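Enquirer: Using the sequences and the accompanying hints, generate a full structural model.
In order, the protein sequence lines correspond to chains A and B.
Take the first sequence: its letters are residues 21 to 293, numbered as in my numbering.
Take the second sequence: its letters are residues 12 to 246, numbered as in my numbering.
If you are wondering where the hints come from, they were derived from the structure by calculation, not from laboratory data.
Note that the structure is a prediction, hence the values are computed from the model and not measured.
Do not rely on the hints blindly, as some may be mistaken.
Claimed, not checked - Quick look at which bits of chain B chain A covers, simulated, 3 or more residues with Cβ under 8 Å:
(1) 72-79
(2) 143-157
(3) 181-194
Unchecked claim - Restricting the straight-line Cα-Cα distance to at most 25 Å, the calculated cross-link-like pairs of lysine-lysine (DSS-like) are:
(4) B:Lys134 - A:Lys127
(5) B:Lys164 - A:Lys116
(6) A:Lys146 - B:Lys134
(7) A:Lys146 - B:Lys221
Note that the Cβ used here is the ideal one computed from N, Cα and C, for glycine as well.
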Amino acid sequence: MQTYIQPCDHRVTMSSGAICEITVLPGHDKHGNPELFDKIVIRPGDTLSIVGPTGSGKTAFINDIEVFARDDTATGRTVLVNGEIPADEFIRDPSKKPIALITQNTKCLADMSVEAFLAMHVRARKITVPGIVAETIDLANQFTGEKIQPGCRITSLSGGQTRSLMVADAILISNAPLILLDEVENAGIFREKVIEVLKEHNKSVIFVTHDPLVSLLSDRRVVMRHGGVEKILRPDGRELHITEMVARMDLTLCRFRERIRAGELLTEPGFMV
Amino acid sequence: MKLLIIAGPPSAGKTAVTRQIIRHFLDKKKCAFLKIDVVRAFEDEELRDEFGIPARKIYSGDLCPDHTGVMVLKDALLWAEGLGTDIFIIESAGLCLRCSPYVTQSLGIVVLSAVSGMNSPLKMGPMIALADVAVITKTDLVSQSEKEVFREKTKEVAPAIDIIETNAIQGTGLRYLMRSIDELADIEDAGTIMLRGVPPLGVCTICVGKREIGWQNHFGVVRKLDGADDIFRGD
Numbered sequence: 021m022q023t024y025i026q027p028c029d030h031r032v033t034m035s036s037g038a039i040c041e042i043t044v045l046p047g048h049d050k051h052g053n054p055e056l057f058d059k060i061v062i063r064p065g066d067t068l069s070i071v072g073p074t075g076s077g078k079t080a081f082i083n084d085i086e087v088f089a090r091d092d093t094a095t096g097r098t099v100l101v102n103g104e105i106p107a108d109e110f111i112r113d114p115s116k117k118p119i120a121l122i123t124q125n126t127k128c129l130a131d132m133s134v135e136a137f138l139a140m141h142v143r144a145r146k147i148t149v150p151g152i153v154a155e156t157i158d159l160a161n162q163f164t165g166e167k168i169q170p171g172c173r174i175t176s177l178s179g180g181q182t183r184s185l186m187v188a189d190a191i192l193i194s195n196a197p198l199i200l201l202d203e204v205e206n207a208g209i210f211r212e213k214v215i216e217v218l219k220e221h222n223k224s225v226i227f228v229t230h231d232p233l234v235s236l237l238s239d240r241r242v243v244m245r246h247g248g249v250e251k252i253l254r255p256d257g258r259e260l261h262i263t264e265m266v267a268r269m270d271l272t273l274c275r276f277r278e279r280i281r282a283g284e285l286l287t288e289p290g291f292m293v
Numbered sequence: 012m013k014l015l016i017i018a019g020p021p022s023a024g025k026t027a028v029t030r031q032i033i034r035h036f037l038d039k040k041k042c043a044f045l046k047i048d049v050v051r052a053f054e055d056e057e058l059r060d061e062f063g064i065p066a067r068k069i070y071s072g073d074l075c076p077d078h079t080g081v082m083v084l085k086d087a088l089l090w091a092e093g094l095g096t097d098i099f100i101i102e103s104a105g106l107c108l109r110c111s112p113y114v115t116q117s118l119g120i121v122v123l124s125a126v127s128g129m130n131s132p133l134k135m136g137p138m139i140a141l142a143d144v145a146v147i148t149k150t151d152l153v154s155q156s157e158k159e160v161f162r163e164k165t166k167e168v169a170p171a172i173d174i175i176e177t178n179a180i181q182g183t184g185l186r187y188l189m190r191s192i193d194e195l196a197d198i199e200d201a202g203t204i205m206l207r208g209v210p211p212l213g214v215c216t217i218c219v220g221k222r223e224i225g226w227q228n229h230f231g232v233v234r235k236l237d238g239a240d241d242i243f244r245g246d
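Expert: Right, here's the structure in full:
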């Protein structure tokens, strides 16, 4: 059974097992102080960034979601699916789990070709959509500047290629409605494109991030402090000017990066941003 | 007293899982720990220092750890019972992968590492097949695809096994293991505890010290390169 997010209709939800919202209920910070939010609801197409200094509890926050915490993790948070404690199969069977977590540590260890690797996942999921392997590789290639060939060995892919492939796999093969990305910016993938495609596929995504552009492109920013959620910001368009500016700066940096990689000297007089 | 027997290949995370179990039950139950290892082990000292629980170890030396386990289990149960233990955890270094230390009236837990390769469950046989629970560790390190395939292969070896995926250092997902331990019945009659499986053929000319190569130099259980099947029969 494939689970997917769709507009919330309670009758449909109950009968088909589709997921229309995930709710995080508050716990406490490292000092035991209760978190001050009422609840955080994540619906299809939502983009959230988790920000805060190192050690402030960002990764613990997405780990709580990944395991569907039930007041049984260090933070005391509870995570609901469609307003209820989720069924065991959602949590325990990775092929039914509605969440894909991709971290900096996540690796593909199998020494096989990209094509064979994806085909293996398709088989494990008993998916019969023809051409899904090629489609996944095409999508991954939209996220990375270094083209992935179907015959490449998985183990010889760069960090950016691996991350791109995993995001594409999560969208098309895992078909996970909620994708958790832990500091993907370090991997050198096209972040704007990832966000755009995730929205197109009506996926919810939560970024743990230190990256200004990813944070600014998200609908909501969850600010962490001392292990707890300190506040939740909804820019609602108020950051538009800065977002556009940062996007331009990012593009400029991207171009410089490509030129440096191509062996050029950058001798322009420079300009004010 | 409840009895847990934990096995798994080296570095799979058996002790990390043990730590999480002890940490979870520390306030509610009295735990005791026995480690069976071959030449060196430190877990008993570490767990005693960390949690202040009774812990000891035994070295199997020239014997296989599971052989040693069978030999000492009765004494060990008396030791733990004498201390008023509620949960007795035995961790065995299952070195030959053909081993299966699980006994009746206990919870058999095999600990497998997701980074050990997707086909590794298929190579272990009885260590997985006779366990009640498979705890798969380090799942945070591998791709979704490999996680799913690892699970399928584990199910292939043991269709009814209860699979629990975790990052054992953080203890994520272990609530289901704790639930199984909560639901586990106490030992009913220690005198009737038996090994669950038939151990590998352990008495052979190599066990008794013959080191010459070639089946011509051995007797009892022998095998030629051609024409042998999985069940070895004496010539």
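Enquirer: Going straight from one Cα to the other, do B:Lys164 and A:Lys116 come out at no more than 25 Å?
Expert: Holds. B:Lys164 to A:Lys116 sits at ~17 Å (cutoff 25 Å).
Enquirer: For the pair supplied as a hint, B:Lys134 and A:Lys127, is the alpha-carbon distance within the 25 Å limit?
Expert: holds (22 Å)
Enquirer: Is the hinted pair A:Lys146 and B:Lys221 satisfied, with a Cα-Cα distance of at most 25 Å?
Expert: This hinted pair is violated, its Cα atoms lying about 51 Å apart.
Enquirer: Closer than 8 Å, Cβ to Cβ, for at least three residues: run that test on the region 72-79 of chain B against chain A and report holds or violated.
Expert: It is violated, with 0 qualifying residues against the three required.
Enquirer: Taking a Cβ-Cβ distance under 8 Å as contact, does the region 143-157 of chain B have three or more residues in contact with chain A?
Expert: With 7 residues closer than 8 Å to chain A, the region 143-157 of chain B meets the three-residue bar; holds.
Enquirer: Within 25 Å, alpha carbon to alpha carbon, are A:Lys146 and B:Lys134?
Expert: OK: A:Lys146 and B:Lys134 at ~24 Å, within 25 Å.
Enquirer: Are at least 3 residues of the region 181-194 of chain B within less than 8 Å of chain A when you compare beta carbons?
Expert: With 5 residues in contact (Cβ-Cβ under 8 Å with chain A), the coverage given for the region 181-194 of chain B holds.
Checked against the numbered hints above, the structure violates hints 1 and 7; every other hint is satisfied.
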